[in-house]
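Chemist: One letter stands for each residue in the lines below.
Protein chains: 2
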Amino acid sequence: MSSPSGRSGLHPGTVDMTHGGGGRAMTDLIEDLFRRHLTNPILDQGHDAGVFDVPPGRLAMSTDAHVVSPLFFPGGNIGSLAVHGTLNDLAMAGAKPVSMTAGFILEEGYPLSDLERIVISMAEAAREAGVPVIAGDTKVVEKGKGDGVFITTAGIGVVPENVAISPAAARPGQVVLLSGPIGDHGVAILSKRENLEFETEIRSDSAALHGLVDAMISAVPHIAVLRDPTRGGLATALNEIAHASRVGCVLHEEDIPVRPDVQAACELLGLDPLYVANEGKLICICEAGDADRLLDVMRSHPLAMQAAKIGDIVEDDDCMVTMQTGFGGARVVDWPSGEQLPRIC
Amino acid sequence: MSSPSGRSGLHPGTVDMTHGGGGRAMTDLIEDLFRRHLTNPILDQGHDAGVFDVPPGRLAMSTDAHVVSPLFFPGGNIGSLAVHGTLNDLAMAGAKPVSMTAGFILEEGYPLSDLERIVISMAEAAREAGVPVIAGDTKVVEKGKGDGVFITTAGIGVVPENVAISPAAARPGQVVLLSGPIGDHGVAILSKRENLEFETEIRSDSAALHGLVDAMISAVPHIAVLRDPTRGGLATALNEIAHASRVGCVLHEEDIPVRPDVQAACELLGLDPLYVANEGKLICICEAGDADRLLDVMRSHPLAMQAAKIGDIVEDDDCMVTMQTGFGGARVVDWPSGEQLPRIC
Numbered sequence: 080m081s082s083p084s085g086r087s088g089l090h091p092g093t094v095d096m097t098h099g100g101g102g103r104a105m106t107d108l109i110e111d112l113f114r115r116h117l118t119n120p121i122l123d124q125g126h127d128a129g130v131f132d133v134p135p136g137r138l139a140m141s142t143d144a145h146v147v148s149p150l151f152f153p154g155g156n157i158g159s160l161a162v163h164g165t166l167n168d169l170a171m172a173g174a175k176p177v178s179m180t181a182g183f184i185l186e187e188g189y190p191l192s193d194l195e196r197i198v199i200s201m202a203e204a205a206r207e208a209g210v211p212v213i214a215g216d217t218k219v220v221e222k223g224k225g226d227g228v229f230i231t232t233a234g235i236g237v238v239p240e241n242v243a244i245s246p247a248a249a250r251p252g253q254v255v256l257l258s259g260p261i262g263d264h265g266v267a268i269l270s271k272r273e274n275l276e277f278e279t280e281i282r283s284d285s286a287a288l289h290g291l292v293d294a295m296i297s298a299v300p301h302i303a304v305l306r307d308p309t310r311g312g313l314a315t316a317l318n319e320i321a322h323a324s325r326v327g328c329v330l331h332e333e334d335i336p337v338r339p340d341v342q343a344a345c346e347l348l349g350l351d352p353l354y355v356a357n358e359g360k361l362i363c364i365c366e367a368g369d370a371d372r373l374l375d376v377m378r379s380h381p382l383a384m385q386a387a388k389i390g391d392i393v394e395d396d397d398c399m400v401t402m403q404t405g406f407g408g409a410r411v412v413d414w415p416s417g418e419q420l421p422r423i424c
Numbered sequence: 080m081s082s083p084s085g086r087s088g089l090h091p092g093t094v095d096m097t098h099g100g101g102g103r104a105m106t107d108l109i110e111d112l113f114r115r116h117l118t119n120p121i122l123d124q125g126h127d128a129g130v131f132d133v134p135p136g137r138l139a140m141s142t143d144a145h146v147v148s149p150l151f152f153p154g155g156n157i158g159s160l161a162v163h164g165t166l167n168d169l170a171m172a173g174a175k176p177v178s179m180t181a182g183f184i185l186e187e188g189y190p191l192s193d194l195e196r197i198v199i200s201m202a203e204a205a206r207e208a209g210v211p212v213i214a215g216d217t218k219v220v221e222k223g224k225g226d227g228v229f230i231t232t233a234g235i236g237v238v239p240e241n242v243a244i245s246p247a248a249a250r251p252g253q254v255v256l257l258s259g260p261i262g263d264h265g266v267a268i269l270s271k272r273e274n275l276e277f278e279t280e281i282r283s284d285s286a287a288l289h290g291l292v293d294a295m296i297s298a299v300p301h302i303a304v305l306r307d308p309t310r311g312g313l314a315t316a317l318n319e320i321a322h323a324s325r326v327g328c329v330l331h332e333e334d335i336p337v338r339p340d341v342q343a344a345c346e347l348l349g350l351d352p353l354y355v356a357n358e359g360k361l362i363c364i365c366e367a368g369d370a371d372r373l374l375d376v377m378r379s380h381p382l383a384m385q386a387a388k389i390g391d392i393v394e395d396d397d398c399m400v401t402m403q404t405g406f407g408g409a410r411v412v413d414w415p416s417g418e419q420l421p422r423i424c
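Chains as they are written, first to last, in my numbering: chain A, 80 to 424; chain B, 80 to 424.
It should be emphasised that the hints constitute simulated quantities derived from the structure, not laboratory data. Treat each hint with caution, since some may be false.
Since the list gives no way to pick out one identical chain from another, each pair is judged satisfied if it fits inside one copy or across any two copies.
Calculated pairs, DSSO-like style, for lysine-lysine (alpha carbon to alpha carbon, straight line, at most 27 Å) [to be verified]:
id	residue 1	residue 2
1	Lys388	Lys175
2	Lys222	Lys271
3	Lys271	Lys224
Next up, chain A with everything else stripped away, as it sits in the complex (with noise of 0.2 Å):
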């Protein structure tokens, strides 16, 4: 089977109804365009079910769907950013990710080159994760009852035996440590979606984080919590965290790094990049003698070259997130209580 990549204008005509309907044309359509171009040797089985190997012990499993708009945006489209969310909901379990599957829900009329692009860029980011898809569905709605392209990804992947990371895992004393700026996708998502232009552009962020993950393990096996966080952004992370420890948590405003383009444009749209969504950082939450290592760790990684120590787990029986200002203030950074960003991810 040679690589399309390169080719373009492969498949002309728009998604119908036939391509849902159980016939010819939808074999047709998953066989020139889904297993074309996500081949491996588990989906190439034919079954609706992918079958294979794993060694014993513990397995995480996960499943993300994925309604963002626009589809493309920069730095990814629908199809990455389905890989990304998946494995990265695998990988903050502290799993290595084993394999994937994927549903489709496409809208009747969607450009199949469209589509094409969709999945090129999921069997991309598939390969580069080295986690294949094993297996897919598709299913086909009227115009008017869906928006182009919605993929539910699901993964599996494998705890090592000494692993035991938990959101309730967090324990005053400990540190809260993030990988990197904060708010790109959110912004990236945004800034596209209004049509917005800015002096650069801004790239979201999405990337998979399991290998980044492993590095961090291999060094700190004992790590309590990791979270990516996605919609409701850091903020709604942490105070997920920190209500499911039942600990508080205080951060330090200075340390938590945003890009200044990122930090201009939340500016421009009314926004607090605390509650903007990412989907390629993480918060790790570990003892504070493990700090400088895991630090060392992922500052060695190209996904987290800026991570930085951002606050501290602290006994708070009302479970607070707070943030300490520059000029020694505080203030108490509460949950979203409504919506942020609609369709972000």
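For chain A, the structure is supplied; the task is to place chain B on it using the hints.
Modeler: Only chain B this time, still in chain A's reference frame:
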């Protein structure tokens, strides 16, 4: 946590965009509606990924996107269907299902009380099957960008060591068994969609088949092919198998069970039951000498009491499926060329 099944009107109001925003409204929806009904020790860990033990060996993994319209139909709804669909994909690989995930795409404005009915059905189907939903995700799209509720489930299962079921394993001399009457699901959906009334209500056959498969494999581990004839029906499933195995298939028309009311409805609707979707039936291809033993096992199971031998696998380089009719004639049972029934599952 008390059982909520008896309560109604628990969730007034409708889905709004804040339910997908990553903030408190989303957390409340997940806690009050999804986690409460789907509760199990792994889901209750509160990870984005569920973590659990598996025995060593081969795993099967599968996914199904569900866009059925209408969402509620005689014999089930999208919640129970989403569980059955994925469990059946696993069972058709001979796997014993272990766990599932569920990704929900909700349309703004959808009644929360109906969503709760769907989640309760999903929880009941999972409980009945003995397979927990261990992780999930919820997204919300604007009104007019979805159609109420779409659910994509994924599942994994353990494949017993001595089992090697594959759509490519059919061989000349083997026989084709069918677990019961065909067409019920498709006709139930279409009757409801078109507001057709028949003397007796035609109900979907939606059911989880892994218990039946377990009994069949215990009796005859070396079954060649299992397949659930869903979208595209029996005709499409057999054409796919013939194509994958490079064999022909000869069916005997009078041996294929179809309920009289389903037959009558198909005539009214201009449908051929051979092409109509099923959600609780399976095709089994096995050695001729194992057929009686398998039929005994199947007929003593509540989901296959009308199991029958319906055809033979033959040599045929053209991989044709043909039908011998009652009057000694024969006709080709081709792939459906276009759409039979959109949004049937």
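Chemist: Now tell me if each hint is right for this structure.
Modeler: Here's how the hints hold up against the structure:
{"no.": "1", "hint": "Lys388 <-> Lys175", "in the structure": "within (25 Å within a copy, 45 Å between copies)"}
{"no.": "2", "hint": "Lys222 <-> Lys271", "in the structure": "both (23 Å within a copy, 21 Å between copies)"}
{"no.": "3", "hint": "Lys271 <-> Lys224", "in the structure": "both (23 Å within a copy, 19 Å between copies)"}
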